[in-house]
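Chemist: Sequence:
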Amino acid sequence: MPRTAKFRLVSRLYALASAAVVFVLIVGIGEMFLRTQAQEAEDAARIEAISRAATLRARVERELNALLYISSGLGGYLVVRNDRIRAKEVNDILSVLFRNARHVRNFGVAVGYRLTYVYPLAGNEKAIGLYYPDQTEQWPVIRRIVDSGAPALAGPLKLVQGGHGLVYRVPLSIDGRYWGMLSTVIDADSFFKAIFAESAESQHEFAIRGKDGLGMKGDAIWGDMSLFARPDTVVQEIEIPGGRWIIAVGPKASAYQRNLSLVVRLISIVLGGLIAWMMHMLMRNRAELADLAMYDTLTGLPNRHLMEDRAEMALARQRRHPEQLCAMLFFDLDGFKDINDRHGHKAGDAVLRATAERARAAVRRHDTVARWGGDEFIVLLEDVSQEALDTLQQRLRDEIEAPIEFEGLTLRIGVSIGVAIYPDNGANLDDMVKIADRGMYVDKTRRKSGD
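Here the sequence shown stands for residues 1 to 451, numbered as in full-length UniProt numbering.
A hint or two may mislead.
Claimed, not checked - Here are the in silico distance ranges between beta carbons for each label pair: (1) Leu274 / Gly408: 45 to 53 Å; (2) Lys193 / Ala87: 18 to 26 Å; (3) Leu260 / Ser18: 29 to 37 Å; (4) Gln324 / Val21: 24 to 32 Å; (5) Met313 / Leu25: 33 to 41 Å; (6) Gln324 / Asp398: 24 to 32 Å; (7) Leu25 / Leu409: 52 to 60 Å; (8) Val111 / His164: 19 to 27 Å; (9) Ile269 / Arg62: 27 to 35 Å.
What the hints assert, rightly or not - Computed list of lysine-lysine pairs in DSS-like fashion (alpha-carbon distance at most 25 Å, straight line): (10) Lys448 / Lys434; (11) Lys252 / Lys193; (12) Lys444 / Lys434; (13) Lys211 / Lys193.
Read the hints as simulated data drawn from the structure, not as lab findings. We put the CB at the ideal spot given by N, CA and C, even for glycine.
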């Protein structure tokens, strides 16, 4: 591949790589902004979730306290009047309690393990006569309450009279012996709807688990249980009679955050792409301008400016190492003007390109072949022997003077070569070019005369 083509390819690849780095950098800055903003939003949401959880816990405890202790007076009455209980008195007391209670579905009094009194009776007829040991789902909890002698809140559970409820049971004992049980059945749906009345408008999601007071080991009570597995969820305990509930509060997916992420990513991609494209074009144009300034566009060879730079460095190296011979070959093409005149500039350009390729092929990789102007060329040689110099001159003639095929034509040219050796033939490039130029015309005259 010609030197200019390689240079252009490398320059374009470098421009593309630089543009890609700029694009990735700008998009990365956008992602860093999003990450920082998301972290700030997450921190703010967590603080808000902690506040919401505390408020919700207080609301649950307040509602439960109002429900659970409303029947405490009835428990004392039943213990005192255990052998003289009158059904009318019990119903009258339960009626008063029911009117003053929120979310209560019914009250019940069990003598022993059989439910004997229920208020209101309407809608709860199926519960009358219920024998607790026969209730496979409820009995383990009831047994635990009886054994512990302490009240407990069970459920939510499916009620025999239909629906679901939380059941607050208070065991009643006389002289240390179990006598019966007072039950308050709470409408679970009504209770939790009141607790979470604001959840629809809230920016947070809520869930409660801990059925039968079992905490994290308990089943779902309200809400989506997947909330407990989320890393941004705030979890708090709520103490209830006989155990605890676990409440989880987490932020809802924010449409604002999603839209912000989309907008920022879109802006960073568009901006990154625009700046990267501009940088790519700028670097590509600069590389092409540098290429035009240093290389001949027709042949791809170094031009006069680049040759002057390389010659200056080569002569400086030779001064440091005088034992190494530095030489220059200056040649032009005999018969080139005739080809241009007879066959046109396209044919002339083809001859110049072929000459450049053949000259490059004839010299060593580290030697420099440059187009000096028109049909004149220079070969700069470092660390070369006199014998190698003579051999190279002949090889150049053989290569360049070979026939050139162009659009069905066979073109032939000759080569006249002049030689200058540093420092014998000049202390700088200009002096060496003058000496080599004279030598070239001597060679041209000799070739024309047939010597």
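Chemist: Is the gap between the beta carbons of Gln324 and Val21 within 24 to 32 Å?
Modeler: At 42 Å between Cβs, range violated.
Chemist: Ile269 and Arg62, beta-carbon distance inside 27 to 35 Å?
Modeler: At roughly 52 Å between Cβ atoms, Arg62 and Ile269 fall outside 27 to 35 Å, so the hint is violated.
Chemist: Given the hint that Lys211 pairs with Lys193, test it: the Cα-Cα distance must not exceed 25 Å.
Modeler: Between Lys211 and Lys193 the Cα gap is close to 17 Å, so the pair holds against 25 Å.
Chemist: Between Lys252 and Lys193, is the straight-line Cα distance small enough, at 25 Å or below?
Modeler: holds, 19 Å
Chemist: Measuring from beta carbon to beta carbon, are Leu274 and Gly408 in 45 to 53 Å?
Modeler: Check passed, 50 Å falls within 45 to 53 Å.
Chemist: Taking 52 to 60 Å as the stated bounds, is the beta-carbon spacing between Leu25 and Leu409 within them?
Modeler: holds, 55 Å
Chemist: Does the Cβ pair Lys193, Ala87 satisfy 18 to 26 Å?
Modeler: Violated, at about 34 Å.
Chemist: Within 19 to 27 Å or not, the Cβ separation of Val111 and His164?
Modeler: holds, 26 Å
Chemist: Starting from the range 29 to 37 Å, see whether the pair Leu260 and Ser18 falls in it by beta-carbon distance.
Modeler: Given range 29 to 37 Å: holds, Cβ gap about 30 Å.
Chemist: Is Lys444 close enough to Lys434, meaning Cα to Cα at most 25 Å?
Modeler: holds, 15 Å
Chemist: Take the C-beta atom of Gln324 and the C-beta atom of Asp398, compute their distance, and say whether it sits inside 24 to 32 Å.
Modeler: Given range 24 to 32 Å: holds, Cβ gap about 26 Å.
Chemist: That 33 to 41 Å hint for Met313 and Leu25 (C-beta), does it hold up?
Modeler: Distance hint for Met313, Leu25 holds at roughly 36 Å.
Hint check: violations occur at hints 2, 4 and 9; the rest are consistent with the structure.
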